[in-house]
Structures are given as C-alpha cells and as structure tokens.
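Peer 1: Could you build the full structure based on these sequences and the hints that come with them?
The numbering used here puts the first residue of the sequence shown at 9, with every later residue one more than the last.
Hints were generated in silico from the structure; no laboratory data involved.
Mimicking DSSO-like on lysine-lysine, the simulated pairs with C-alpha atoms at most 27 Å apart in a straight line are:
{"id": "1", "residue 1": "K47", "residue 2": "K30"}
{"id": "2", "residue 1": "K47", "residue 2": "K163"}
{"id": "3", "residue 1": "K30", "residue 2": "K163"}
Computed beta-carbon distance windows for the label pairs:
{"id": "4", "residue 1": "T161", "residue 2": "T73", "range": "36 to 46 Å"}
{"id": "5", "residue 1": "T100", "residue 2": "G145", "range": "21 to 31 Å"}
{"id": "6", "residue 1": "T34", "residue 2": "T73", "range": "11 to 21 Å"}
{"id": "7", "residue 1": "A131", "residue 2": "A70", "range": "39 to 49 Å"}
{"id": "8", "residue 1": "D74", "residue 2": "D26", "range": "22 to 32 Å"}
{"id": "9", "residue 1": "D74", "residue 2": "K163", "range": "37 to 47 Å"}
{"id": "10", "residue 1": "G55", "residue 2": "N101", "range": "27 to 37 Å"}
By construction, the Cβ of each residue, glycine as well, lies at the ideal position given by its N, Cα and C atoms.
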Amino acid sequence: PKPTKKMQVVNNEHVATDWVLKVNYTDLVAIAASPSSVKQIAQVPAGGGVEWSYVVKTIAAAGATDIVFNVGTTIADPDEYIDALDADAMTTNLPVVNTGDIVLQSATTTTILAGLRPASLTATALPVYLKVGCTVGSLTAGEWMIGIRIWDTLKFAK
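Peer 2: This is how it looks when you write it as structure tokens:
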C-alpha cells in the first residue's frame with residue numbers, strides 16, 4: 009500500500025535542543041554576589057532530560073586562580089552535570105564534557121555513562137543552575153560558554 013502522508017523530519021521536530029550560555033568575568037562577579045553564588049541557567053521540562061553538558065573557556069581568565077564551576081539541578085550543590093571544574097585552569101577552546109556526579113560511574117573513574125542516551129530524565133520540570141566559586145574582587149578578564157543538550161520528549165504532546 010502507498011502511504012497516505014509523507015513524513016519529513018525538520019529541525020523543529022527534533023526532541024533535543026542545545027542551550028548555550030556565555031558568561032564573562034563580570035557575570036561571574038554578579039553570580040558570586042547572588043544568594044548562594046547560584047544562577048538558574050536553563051530548565052529541563054517535565055518528561056525531559058539532559059543528554060550532555062560542557063564548558064569551554066573562550067577567553068583566558070585574569071586576576072583570579074580559584075574559579076570553580078558546578079552545573080546541575082540541586083541548588084545547594086549543583087554538580088550533577090559539571091562538578092568542581094577548575095574554570096581558570098582550562099585550556100582555551102578545549103571543552104570539558106560531563107564531569108558531574110550523575111554522569112560518572114564513581115569518583116575514581118572517568119567512564120561516562122552518558123552518550124546518545126540522556127544523563128538524567130525527570131517526570132517534573134527541573135531548573136539547571138550554575139554555581140560559581142572564586143575571588144571575584146580581582147577578576148579582570150575571562151569568558152566561558154556553557155552548553156547543555158536538553159531533551160523535551162513531551163513537546164509533541166503539547
């Protein structure tokens with residue numbers, strides 16, 4: 009039998025969306041001054057998940073050598089996707105991917121559980137936070153890109 013409707017997949021029919029946030033040293037100063045040094049940077053929708061996350065330094069940091077990033081969904085210690093990343097020591101333009109608690113099998117291995125499957129799934133919407141730790145008073149330069157691939161498996165049910 010001949011199909012009655014031709015199916016075509018286009019970008020807006022994809023389940024995953026890449027979210028990218030650019031933060032520079034002035035953003036870090038503002039985040040570090042906020043309550044708990046935390047800022048919400050994304051939202052995982054109900055029925056969705058996170059496939060992977062990364063951080064890449066695009067401009068070298070200056071004025072501080074203690075910049076630490078955590079990215080995850082627990083506001084007190086958001087480290088599910090990126091955990092205790094020494095952001096100022098990163099090699100410029102070399103991404104660091106999936107170092108968080110939820111994507112590593114244990115603290116003693118770097119075997120990644122994620123890949124083409126999501127690192128975490130949720131039945132309810134979850135915020136994704138960036139937590140910044142550093143001596144902000146002396147920062148004079150630095151820029152990072154933080155990327156997260158978020159699945160929205162229910163977007164076609166809406």
